[in-house]
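A.B. asks: Residue numbers (my numbering), protein chains in the order written: chain A, 1 to 593; chain B, 594 to 1668.
Hints listed in this document are in silico derivations from the structure and should not be mistaken for laboratory results.
C-beta atoms are modelled at their ideal positions from N, C-alpha and C, and glycine is treated no differently.
Treat the hints loosely; a few may be bogus.
Stated by the list, open to error - Derived SDA-like pairs (lysine to any residue); straight-line CA-CA distance at most 20 Å:
#, chain 1, residue 1, chain 2, residue 2
1, A, Lys20, B, Tyr1112
2, A, Lys20, B, Thr1496
3, A, Lys264, A, Asp452
4, A, Lys20, B, Lys1398
5, A, Lys20, B, Gly1299
6, B, Lys1632, B, Asn847
7, A, Lys392, A, Ala552
8, B, Lys1616, B, Arg939
9, B, Lys866, A, Gly562
10, B, Lys1398, B, Ser1269
11, B, Lys866, A, Ala552
12, A, Lys234, A, Tyr246
As the list claims (entries may be wrong) - Just the calculated beta-carbon pair ranges, DEER-fashion:
#, chain 1, residue 1, chain 2, residue 2, range
13, B, Glu898, A, Ser500, 24 to 34 Å
14, A, Asn29, B, Gly1400, 43 to 53 Å
15, A, Ala135, B, Glu1301, 56 to 66 Å
16, B, Asp1283, A, Ser500, 18 to 28 Å
17, B, Phe906, A, Glu467, 18 to 28 Å
18, A, Thr126, B, Gly1400, 29 to 39 Å
19, B, Glu1171, A, Lys140, 39 to 49 Å
20, A, Gly562, B, Lys855, 46 to 56 Å
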Amino acid sequence: MALTLIVAIINSCSEDFLTKTPMGSTSENVFYDQKGIDALLVGTYAMVTGSSLWQVSWGASIQNWTYGSVASDDAYKGSEITDQPTVNEIERWEVMTNNNYPADKWRLNIGMGIDRANKTLRIINTTEEQGTIDAATANKFRAEVRFLRGLFNFESWLVFGNYIPILTEEIEDPTQVSNENPEGAVLNHIISDLQFAWENLPETQAQPGRATKYAAMALAARAYLQELDYAKAKPLLDNIINSGKYSLMDNFIDNFNIATNNNKESIFEIQANVNDIDQSLNAEMGIGLNWPHGSDIGMCCGFHQPSQTLVNAYKVDENGLPMFDTYNNVDLKNDQGIASTETFVPDEHPVDPRLDWTVSRRGIPYKDWGINRGRDWIRNQPEGGPYMPAAKPFFKKSERYSLSTTTGWQTGINANNYRYLRYSHVLLWRAEIAAFDGELELARTYINMIRDRAGNDVVMGKVLIYELPPEVYPWGEEGDVDWDQPAANYNIGLYDAFASKEEAMRAAQWEQRLEFATEGRRFFDLRRWDELPGGMRVDMAATLHAFRDADARIRQFMVSPGPAVFSEGDKFMPIPQGQLDLQPGVLKQRPGY
Amino acid sequence: MENKLVRGFLPYFVFAVIMAFSTGAWAQQKTISGTVTDDTGSPLPGVTVVVQGTTTGTVTNVDGVFQVEVPESANVLVFSYIGMLRQVVEIGSQTTINVTMRPDVIGVDEVVVVGYGTRLKEELTGAVSSVSEEALQVSNAPSVMSRLQGQVSGVTITSANRPGGDATIRIRGIGTINDPNPLYIIDGVPAGPGNNINPNDIESISILKDASSAAIYGTRGANGVVIITTKRGRANQAPSINFSVKTGVTQASNQYDMLNTKEYADAVWLSLKNRNMELSHAQYGTGPNPVIPDYILPAGAKMGEVDENNYSFYDNLIFRANKEGTDWYDEIYRNGIIQEYDLSVRGGGQNSTYSFSGNYLDEDGFIIHTNFKRYSFRMNSEAKFNDWFKAGESLQVVYIDEYGTLGDNSEGTVISQAYRAQPIIPVYDIAGNFAGSRAPTMGNAANPVSVAYRARNNNGKYVRILGNAFAEITFMEGLTLRSLFGYNWGQWNFKGYNIPNPEFSEPQLVNGMWADSNYSLQWNWSNTLNYNAVFDRIHRLNVVLGTEAIENTYQSLNASRRNYFSEDPLYMQLDSGESNRDNSGNGSEWSLFSVFGRVNYDLMGKYFFEVTARRDGSSRFSADNRYGIFPAASAAWAISEEDFMAGTGNWLDMLKLRLGWGMSGNDRIGNYNSYSTFRSDAYRSSYALDGSNTSAISGFMPSTLGNEDVTWETTETFNVGLDGTFLDNSLSASIDVWQRNTSDMLYRLPLPQVMGDATPPFVNIAEMENKGFDFELGYANTARDGDFRYSVKATVSRYKNEVTKLGGEADDYFTGQFERQKEYTRVAVGHAFPEFFGYKVEGIFQTEAEAAAWPAAMGADGTYNQPGHFKFSNVDTTPELIDTNDDGVGDTEVQVINSADRTFIGSPHPDFTGGLNIDLGYGNFDLNMFFYGSYGNDIINYVTRWIDYGQFNGGLSKDALYKSWGSPHLSSNEDAKLPMLDYNDISQEPSSAFVEDGSFLRLKTLRLGYTVPQSFLNRAQIKSLGLYVQVTNVFTLTKYDGLDPELNSSGVSMGLDRGAWPTPRQVMFGVNLGL
């Protein structure tokens, strides 16, 4: 009888009881239509923010503040020596193969971006084969996805060079794809994606975040420029200029204000938004450390402080033109080692007005946050230098908590879009090509357009006292600050003429340095200019070593305990050791690591 | 697997058959008869009567009468009965022998609860430890698991020290890289571990340590099983009421030895000198000596320079310097109060029993603003309706209510902020608001007092209702069907507050509230058929057949808001927050259906055999891989009962050899491993394509990759044990030697990122091995005519763990715990799970020449190597090709120290752990001492990266100033304990410099009790009254420099000390009253 009971119990227990399906997620087949593809496309776009919550973050930043800026003469790591020590390795060109920053860059672009793009492409193919969408619709989706795949590959290529696996939607087993590529193969792959994109994308999109024909062209031009393939970049840039779709904004700062996100100068912006979800990390978490730390503004964590060499580069001569050869002989006065309450008389040497939009220094108004109070506003001056974290991605006090995050600890994260590709890029790249080709007048025209615009608008508010009160502004007597006067002695002049290709090229390079400073570009520009022939070449190692030695006047990090040395092998990041270990024999480390 | 099963069974089966037929020949007979009664004179049926050393015997009938034919040569009869002392009677010339059996005072120990049944201790064939009620009372800990520490061998337990903290328990090493927690069964209901049961309600705990005993739990038994049985009333028991109270004080036992303000300024100057930097600082001025300022906000200001009237909250805070230095541990520690009240009523009539109990525990943490309260209620009852039907139930309700910030062992806790905060920061500013690191150069520590204070209303409320209802039908003598329906419902609610912290260097200025809620609901229905029979008096058979179904549902709900008009916790509800209306939630389910059986066969009380099998079907695996069978077999041989041992009777009471083998499984790998999924994620797959500044469009991303081929991991255990009691039962010893091999271990085979970022599935690929021994020794005796009582019990456990396979390659590994971008632990083939990983430090460079001669370290082109820095071992001597002519191609071979030179630098696994219980009694006084120790384990003292090396510019240790290389306080740099204080991050690489010996010996409890003599109590009609005083954590012998060598960290962070709550010292007074 008992046995009967047991058998009955067993039989009554159907397989249903043991079948449990996951909650809150879905399988692939729900995506085989237009709505599904668009949902996956949005998920692929999400990776252009260069961050994915806590999984990857600062090392994957699309602004490349580490590889493009801290590793160059634009900026220091900032903060404190013991915070994020793996960035010390990047700054001192001593990167180890197990450094977590390049590992994040690899993971975000290859593991997330390219993988999502390829999965989306496969689903587009399946959906088209099933007849659910027509060929035209399929190609429109493909063009967007391939633009994104081109972007993720470009970002990987910038950082790791040619040692990246070329992964397409057709590849069955990506684990067997080598990262040793024939000369030019990676660039060709990037261009083939971008070309498909520009051939199939519309000139404009209803949603400003989506890629357009010109975004694909601009990115392709940048890719060609990395290889100094000026001939191929030129028609793309001309196309963009001749389209008439873009023009410069009135003011330089419009490229860095939330109010002027997605403007007429923008070609492709990385969209940022805050406060719709818990941690507000659809804005870029990759620069989440790069905000003022402590004291009156108090966010996190004081990284990415501009260098003295960069500040000096904004010095101009009596004509308002750069001091190409002498700019770094004497420092523009800084307050390193001077207490906030001690007397500090700012330098009256004339400077390019873009300096104080790019770098926040003592005694100059910092957006609407008040007057920069110097040392008290810096997390650790001896270790991070006298300047506030790079100012461009920052926001206004009046925007705090409406357009900056109200949650988490990286409270500087805000809705300021990163202008990844913009018309000023196009103009200055075209000027560089013109200089190389000897079209000196064309080069002068485009460079002067940028300089002319830069003079339109300067930081206002002259501080008339040199001993600042201990409180945050507003303080003291009425009239301590004259808001009708420019904050410093600004001057910017136009070039009258270039005497030679070399002179034109130098001006084009310098203009990019000033216009795009701290935007994660400088290192990669130095790397390509190192390859220019003759008098146009900028010796990268010499430039960086000169910076190292000059900035030792205020900060010991690059020379202590011994001088940091930049060599050829430091031009690219190592392939992450963890990935080499997972694909032994398939992935190869870059020589020199 | 099937073949393996047969091969495994066969030898045992053959052995069993041979033994069954090996009965001896019989000599000439005589008849002996008599009556057996208990100490009240009632006849005792069922008493076993055997001729010592033979299988000849009988059992008393219902009137307690026996009659037995014995050989002429027989001279001793042995009478035994469960719960009674064994009686040994010389036969001599007697033919009638009347015996009175006396209850065995440790009688309850003799019955051991095993899976779906009970066994007599002497019948056990597997490795089962049982813990008595008394042993559970040695410790005060609110967690039952903590109380098991050192009481049983083969079990490694580390307790957490926060109020109400739970313990980590590992049975015989670490059986898997996945969830190695044992299965817990409370009164037949699978349940979570820990503090959600009242320890006073527990009758006994059995720990099934080997697979031969745990295989009956199939896929859930691989990490051992802890079976908890709660107290019930006994039939015909007069109501007994017990009331106990205890109360006392808890306090912290240790703190870090930190610099005061003056010393800290000196250390800052030392570090500036070490780095050739200008002697200038925002707070301490400029010059050869630091000057302590009067204010730190404004930075470095002197008295008179600051107009305190300008103070305004948030915009112009003013912090005076604490010139002596804030002792942050003084500020966060306190004497906490603990109180516990326990009331129980038990009894029973002829046909029913009852037991009620209630318990209230209120424990303050020794950190300010922390508190744990537990209310528990239990009702167990049972009714017998007639000869063949009885039914009963158990019901437990536990409600936990905890307050404050209870985080443990991480850099963000109150304990950690206290070493991270600089001494010059005062607790409060000039207006009585909190002061903090907002003052320049104060690093990024939060004011620990403010952290505790602002979290004081954070509140977790937890309810668990657990119980069962059962019915038993007895079909005939020895055949019983038992059906049990169990339920286990847990509901967790938490409410936490974000309160702005403007004094902090990385402030969060928007207030907010978050609420978490989740529940899990589980039911199980088990049916067991139990058959007991004795054939020919010498063959005892017990058969258990059963089925069990379990289903579990889990749901979570989390929500938060920001921007509250008022910060009154009553006002701060989800409804009243004005922005960031965020929520999340999800669910999961699993189910299990099983059929199982066990056969026990005893021959002559000398040879014992057990065979078990369970077939499980689990929802966690795909339909094709859903079912698995877990077999086990074991045997025991009571050697002392053999004739050839007759001569040892004067010193040996019992000697038993046990052998066991079995397989059991582990299915705790998450619930949906076989499915590939996509999901939407507000953070990772959403993007503001429309250009909105405040909202994103949601998209989808790959979430998981499925693997349909996966099945459970299997652990195969071999066990050999020897139990003995000697010298009239005063000495007992037991040793088990065992090996556990885990195969098909589930491992998330790491996929290279070219495969995407979806969570890879588990695959059955890895293997692990544990071996070790468990040893227990006890001695109990009396002296001076019983006035002086003493007993000693020692347990020693050893395991050795090794990962023998991961992905299939000999050098496979996966990275373990990262802290601040650095890998501290690693799991690799050929090593234990986990071990410490990093550089080996050979010393500190003393001279330029020594440094220059050494291979360049960490890609630093040789600049790191200099006097005062670490000399890292060049473990990997493969030369590196470097590029000397800068053409991008390596051309010269050099030796360097880089990430390839990292190696295994220590292990958190102890060689031995042990407990020692000493009970002394004289008259009405009892003294109990309990020692616990661990030997041979290492600890990574990660806290030193902050306080010795200056990570993040926080508080510094005395060693940083007085014992670092180049310190003016050292007579010679050869004596330096630490490298130069220069904050160099290469010196902070995980290395052997952070590894310390974690061995310790601790007197965990010392308890003095007094039992009020019965003569005093009789007049007041009190049954018993006891008073005691108990001190926990009396002293610790250790070389470890951190707060406490007893670290509760498990998994890949095992042995990593990030600043854990130290073991408190508690002084308790208690009264036990019985009516």
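A.B. asks: In ascending order, which of the hints set out earlier in this document are inconsistent with the structure?
C.D. replies: Hints 2, 4, 7, 10, 13, 14, 15, 16, 20 contradicted; others consistent.
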